[in-house]
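Reassemble the complex: the two chains are provided individually, in unrelated frames, and hints are given to aid placement.
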Amino acid sequence: MNRIFKSLIRISSFLGKEMTEIFRQPRLILTLVLGPFLIMFLFGLGYPDQNRTLRTTFVTTDPDTFQKEMNIFTKSFNSKIFDYVIESDKELALAKLALNQTDLVIVVPDVPFETIKNNQQAEFLIYHNEVDPIQIAYIQSVARILVDEVNRQILQSMAEQGQADSGSLQTDLETAIAKTHALRQAVPAGNVTTATQAADLENDLTNVHENLTTFRSLSSGILVSPFSAKIIGLFEVQLTVTGFFAPAVIVLLLQHVSITFASLSIVRETRSGIMELFRVAPIKAFETLVGKYLSYLFFEIILAGVITALAVRLLRIPILGSLQDYALAVVVLLFTSLGVGFLISLISQTDTQAVQYSMLLMLASIFFSGFFLDLRLMKAPITVLAWSLPATYGIRMLQDIMLRGSSAPLLVFLGIAGIGIVLFLINWRLLKKTMES
Amino acid sequence: MKNNLLAGNVVETQDLTKTFGEDIALQSLNMQVPRGTIFGFVGPSGCGKTTTVRLLTGFYKPTSGTLSVLGKNPADFSDSDREKIGYLIQQFVLYPDLTVWENLNFAASFYGVGLFRWGRLNKLLDFVELAGDKNKLARDLSGGMKRRLSLAAALVHNPELLFLDEPTAGIDPILRRKFWDYFKELQAEGHTLFITTQYVGEAAYCDLVGVMYGGRLLMIETPDGLRRKAYGGDVIGIRTNEPIRFEHRHQLESLPFVRGKVKIVSDQEVEVIVDESSTAIQLLLEWCRAQKLTVEMMEQKSPPFDDVFIRIIETEIANE
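In order, the protein sequence lines correspond to chains H and W. Each residue of the first sequence is one higher than the one before, counting from 1 in this note's numbering. Each residue of the second sequence is one higher than the one before, counting from 1001 in this note's numbering.
These are calculated hints, taken from the structure and not from any lab test. Among these hints, one or two may not hold up.
Taking lysine-lysine and the BS3-like style, the derived pairs with C-alpha atoms no more than 30 angstroms apart in a straight line are [claimed, not checked]:
{"id": "1", "chain 1": "W", "residue 1": "K1072", "chain 2": "W", "residue 2": "K1084"}
{"id": "2", "chain 1": "W", "residue 1": "K1084", "chain 2": "W", "residue 2": "K1061"}
{"id": "3", "chain 1": "W", "residue 1": "K1072", "chain 2": "H", "residue 2": "K432"}
{"id": "4", "chain 1": "W", "residue 1": "K1084", "chain 2": "H", "residue 2": "K284"}
{"id": "5", "chain 1": "W", "residue 1": "K1084", "chain 2": "H", "residue 2": "K432"}
{"id": "6", "chain 1": "W", "residue 1": "K1084", "chain 2": "H", "residue 2": "K433"}
{"id": "7", "chain 1": "H", "residue 1": "K284", "chain 2": "W", "residue 2": "K1072"}
{"id": "8", "chain 1": "H", "residue 1": "K90", "chain 2": "H", "residue 2": "K80"}
{"id": "9", "chain 1": "W", "residue 1": "K1061", "chain 2": "W", "residue 2": "K1134"}
{"id": "10", "chain 1": "W", "residue 1": "K1061", "chain 2": "H", "residue 2": "K433"}
{"id": "11", "chain 1": "H", "residue 1": "K230", "chain 2": "H", "residue 2": "K80"}
{"id": "12", "chain 1": "H", "residue 1": "K432", "chain 2": "W", "residue 2": "K1061"}
{"id": "13", "chain 1": "W", "residue 1": "K1061", "chain 2": "W", "residue 2": "K1072"}
{"id": "14", "chain 1": "W", "residue 1": "K1261", "chain 2": "H", "residue 2": "K284"}
{"id": "15", "chain 1": "W", "residue 1": "K1072", "chain 2": "H", "residue 2": "K433"}
{"id": "16", "chain 1": "H", "residue 1": "K284", "chain 2": "W", "residue 2": "K1061"}
{"id": "17", "chain 1": "W", "residue 1": "K1261", "chain 2": "W", "residue 2": "K1229"}
{"id": "18", "chain 1": "W", "residue 1": "K1123", "chain 2": "H", "residue 2": "K284"}
In isolation and in its complexed conformation, chain W is listed as follows (with noise of 0.2 angstroms):
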C-alpha cells in the first residue's frame, strides 16, 4: 500500500464490489486515483458512483475485495485521517434554519477546525462567492447557492482529499462551468478532486475520467483517450467545395490509417477515424489534392461527450 502512496495514488482500490442482498451495487471495481488530479466518476443515474464514494469515504463496508484511501483502509481511518477528507453529499443536508455563516461555522466546529477560524470561513465564502449572503438562512438559498455552501462547507477544514457526489446536479449550465471553475482552483492549491456526475459533457474538465455503468467500471482514461477509445482513434472532418462521391469514400476507408466507416455529413463533408491526427491531417491533404478535391477545412474533431459515452456504452452492451 505504500509503494502506492509513493507512486501518488490517492486512492485505490481492487476488485472492490458491494451488494445489498441480492443487488450487486457495484462489482470488481479496480481504480487508482493519481494525487492531484481531477478524477471524474462518470456514469448514469444508479450506475454506482455513490455507492463508491461512500465505499471509499468509509460510509460503507466493501462485501469483498480491498481498498486503500490515503494508504489506509476507511474503516481503519482515525480522525486525522478523517480530517484529511472533505465530502460533499448529493443533496443539501445543513440545517435550513441556520444562516450561511452559522452553518459553516458548525461544520467547522465538526471537523474540529481551531477557535480563531473567522478569516477561513470568510475566505470560503468569497471563494464560492457567498460573502454577500453569510446572514441569510440557508432555507432562502437558491439551488446553486445552497450547492455553493455545502462545497465550502466540504473545505472547510482544508481537506486534502475532496469527494464531491454529483456536486452539479440540478444547477443551471453558467453555474456548472463556475463550480468546474473552483475545482480547477482548488486543484490548483494541491487538492485531489473525485467528482461524480451524470453530466458527462463535464469529463472534458477532469484528468482522468471514470466510466461506470450498471455497476462496473468500464473505463478510465483521460477525456481524450476517451474519446480515442469510443471512436477507436481520432475524428477528422474534410470539407470539400466539390461533392465527396462513394469512390471516394471508399478509397478514404481503404487508407492505412483509417480506421472503421467514413461518417457522411453532408455531401462535401465527411468525418473519418484516424490512428493520430497529427500525421494523419498531412496525408489526408495529399490525398485531396490527388483526388482534385479542394479542402474547404481540415480539422480534429471533438464529439460531444454525451456522443461518447452513449458510444461507449453501446459498445459495451454490444460485447455483452
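The following block holds chain H by itself, in its conformation from the complex (with noise of 0.2 angstroms):
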C-alpha cells in the first residue's frame, strides 16, 4: 500500500510540475483558447456562403447585340457568377486577363447559327490564368453550366416558337378530322374497306391534334429540361463553411498543441540533465510517462472544453450527438496525439529537431488527414499514411459526432485508441530505455 501510495505521489510530481510550467505562461494560454476560435471566426467572415464572383469579359464582334441577349440570359443564370464586360477586342481583353485585371475571358462565337447549320457546335472559347487546380475545376463547371444555360434557353425559344407555330396547324387538322369525319360518314354502307381506312385515318389526325394539344399546352422550360434534380441530405442542418470545417480545426488544433507539447517536454529534460536524477532518484519511467500524460491530458482536456465552448456559443456551430461521445472522442484523440508528441520527444536530439518533426506532422495532417480533401479522393496505398495521423481519426469522429449527429463510427474509434495503446507502450519502452541507459 505503501508503495502504491509512494508511486502515485511521484506520479503527481509531474502533474503539478507540467501544470505550473502551462499556466505560468498566460499568453501561452490565451494564444491557444483565442487562437483557433479567431481562426474560425475569420475563416467564416473571409468565406460566406456563395460561389466566387468571376470577373469575365465576353469578347463578340457585335456587342450591342450581345448585351441584349445577356440581359435575357443573366434573368434565368446565377447573375452572381459573372461580374462582366463585353469588349470587341481579344488581344485587349486577354492582356487585362494576363496583369490579373480579370479572372475569364469568354470569346462568343461569330456566326452561332450559320455554323449549327452547316451541322456543327458554335465553339465558346474560354481563357483563364488560374494555377489552383481547384479554381481551374471551378471555371470548368461554370463553363459547362454557361454553354447548357446557352443551349437550354435556345432549346426553349426554338419550343416556344414550335407551340405558336403549332397553333395553325392544329386549326388546320381540327379541319382535317371534320372532314375525314365527313368522309367516312359518306361511305356507302357495304364499302367495309374504304370506311375502315376513313375511320383509321380519322384516329390518326384525332391521336396527333392530341399530341399537338399536349405539345402547346406545356411549358417550354419543362420541355427542354423535363427532368430536374433535388438534393436531400439526411442530417437537417445547414452548415455554412466555418460550420464545416470548425470540427476539423478543433482536431488539428488539439493534436498540434498536444504533439508541440510533448514533443518537448522529455527532448528538454534529457538536455537538462535532471534525467541523470530521475535515473537515480527512485521514480520509474512508467510513473513519469503516466505523470506526463496525466498533466497534459488534464490542460488539453481544459482547453478542448474552451475551444468547443466558443465555438458553439459564439460561432454558432452545432454538436448533434451527445456529449459524451464528443468528450470521449476528444480524449482519445488527444492521448493518441500526446503519444506521438512523446514519441517524437524520445526520438529527438534537440529541441529543434522536436519542433521540425512536430511541423511535419502537422503540415502531413493537412494535406492527409480529410482536412480540406476527402479521403475517397485519395489512392489506397497514401490512405495508409492518412489513417496513420491522429488527426484522420479525430476528424472523422468530430464530424460525425458534431455534424451528422451520429455516433463515433466505432472501427475510427477503436483505432485510434488503438494506436494510443501502441504508442504509451513504445514510449514506456523508450524511456525505460533513456533512463537506464
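Following this line, the structure appears as C-alpha cells:
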C-alpha cells in the first residue's frame, strides 16, 4: 500500500510541475484558446457561403446585340457568377487577363447559327489565368453551366416558336378531322375497306391533334428540361463553411498542441540533465510517463472544453450528437496525439529537431487527414499514411458526432485508441531505455 | 559485503573500471568510504570524479570490477535503496520556470516524500537560506542560490548518503565556505557525504580525501596525512634572529629526524621536513641553542593543499 501511495506521489510530481509551467505562460494559454477561435471566426467571415464571382470579359464582334442577349440570359442564370463587361477587342481582353485584371475571357462564337446550320457546334472559347486546380475545376464547371444554359435557352426559344407555329397547324388538323369524319359518314354501306381506312385516318388525325394539344399546353421550360434533381441530405442542419470546417480545425489544433507540448517535454529534460537525477531517484519510467500523460491530458481537456464552448456559443457550431461521445472522442484523440508527441521527444536529439518533426506532422495532417480533401479521393496506398495520423480519426469522429449527430464509428474509435495504446507502450519502453542507459 | 557494512563502509569498490570505447575514464578504483564521514574526491577536471559518482549512483554500469553502495550493487537498487541516496549534479538541472518552492516540492514528489511535507521543505529552505526567496523563479536566482536550491533538492528526502558532484564549482569563496558549513552540519546529523571538488583547498574540510589523477585514485588519506605523504613528513618553519648559513642548513639535513633538503624561505628562515612534528620541535630548539641561533619563531606549517596536490601529482608523474 505504501509502495502504491509513493508511486502515486511520484506520478503526481509531473502533474503539478507541467501544469504550473503551462499556467505560468498566460499569453500561451490565451493564444491557444483565442487563436483557433479567431481563425474560425475570420475563416467564416472570409469565406461566405456563395460562389466566387468571376470578373469576365465577353468578346464579341457585335457588342450591342450581345448585351441584349445577356440581359435575357442573366435573368435566368445566377448573375453572381459573372461580373462582366463586353468587349470587341480580344487581344485587349487577353492582356487584361494576363495582368490578373480579369478572371475570364469568353470569346462568343462569331456566327453561331451559320455554324449550327453547317452541322457543327458553335464553340465558346474560355480563357483563364489560374494555377490552382480547384479554381480550374470551378471554371470548368462554370463553363459547363454557361454552355448548358445557352443551349437550354436556345432550345426553349425554339420550343416556344414551335408551340406558336403549331397553333395554325392545330386548326388545320381540326378541319382535316372534320372532313375525314364527313368522308367516313359518306362511305356507302357495305364498302367496309374504305370505311375502315377513313376511320383509321380519322383516329390518326385525332391522335396527332391530341399530342399537339399536349405539346402546346406544356411549358417550354419543361419541354427542354423535363428532368431536374433535388439534393436532400440526411441531416437537417444547413452547414456554413465555418460549421463544416470547425470540427477539423478543433482536431488539428488539439493534435498540434498535444504533439508540440509532448515533443518538447522529454527532449528538454534529457538535454537539461535532470534525467540523470531521475535515473538515480526512485521514480520509474512508467510513473514519469503516466505523470506526463495525465498532466497534459488534464490541461488539454480544459483547453478543448473552452474552445468547444466558444465555437458552440459564439460561432453557433452545432454538436448534434451526444456530449459524452464528443468528450470521449476528444480524450482518445488527445491521448494518441500525446503518444505521437512523446515518441518524437524520445527520438529527437534537440528541441529544434522535435519542433521540426511536429511541424512536419502538422503539414502531413493538413494534407492527408481529410481536412480539405476528401479521403475517398485518395489512392489506396496513401490512405495508410492518412490513417496513421490521429487527426484523420479525430476529424472523422468529430464530424460524425458534431455534424451528423451520430456516434463515432466504432472501427475508427478502436483504431485511434489502439494506436494510442501501442504508442504508450513504445514510449514506455523507450523512456525506460533512456533512463537506464 | 555485509562485513563491510558492519565495519561501517557505505561505499566500497574493488578494481572498479569504466571505459568509453578506447578511453579509460576510471581505472581500477579501490576505495572504502566509512559511514558518517565527509569523503572528498579531489582532482583536476576530467580526472574521473564525475564518472566515479555516476558509477556509485548507478547512472553508469561498470566495465569491470565490483562496487557496493549501502551494501548493494547500484544496479540492484530497490526503490527504498534509492530513497537513501541524495544526488547533487554538477550543473543546475531543475526547472527555470518554476519557483524555488515549486522546484523543491517537485523534487520531494519524485522521491515519493509524503504529502505533509511543508514543514520539511520550509526547514530545508531555512537551512540553505532561501526561505525569503521561495517565490522567486529559479531562472531569476544567482549561481550560488541555484546551487543552494539544488542542495536542498538533494536533501529533500533526508537521504543517508549524499553524492555531491562539485557542489562549490563556480561560486565565490565566501559561499563556498558556507557550503562546507552546511556539509559539516549534515555530517553532524548523521549523513555520509561523498563530495567531489576541483578546489583542492577544500580537502581540508574533509575527513578523508581521495586524490584522483588521469582516471586513477592516487591515494586516500586524511588531510594531514595527505600533506605528510606529499612532503614525506611534517613541515616545520624556523625563523631566527641570526642568518641561517649554509653550514647550518647542511647540519640540519644531517639530523636523523629530518627528511630531505632544507627549504630556504629567507636569510633567517627555513622550512624542514621531519618525521613527527610533536617530538621534532623540541629537538630542533635544542639544536638551535647549540648553534647559538636565537629562535624567533618555530611552528608546524600547513602548506596550502594546492601545493600539496601539485607535489603529489609531480611525484606521480615522476614515478610514471
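Item to check | Hints the structure fails to honour | outcome: The structure breaks hints 9, 14; every other hint is satisfied.
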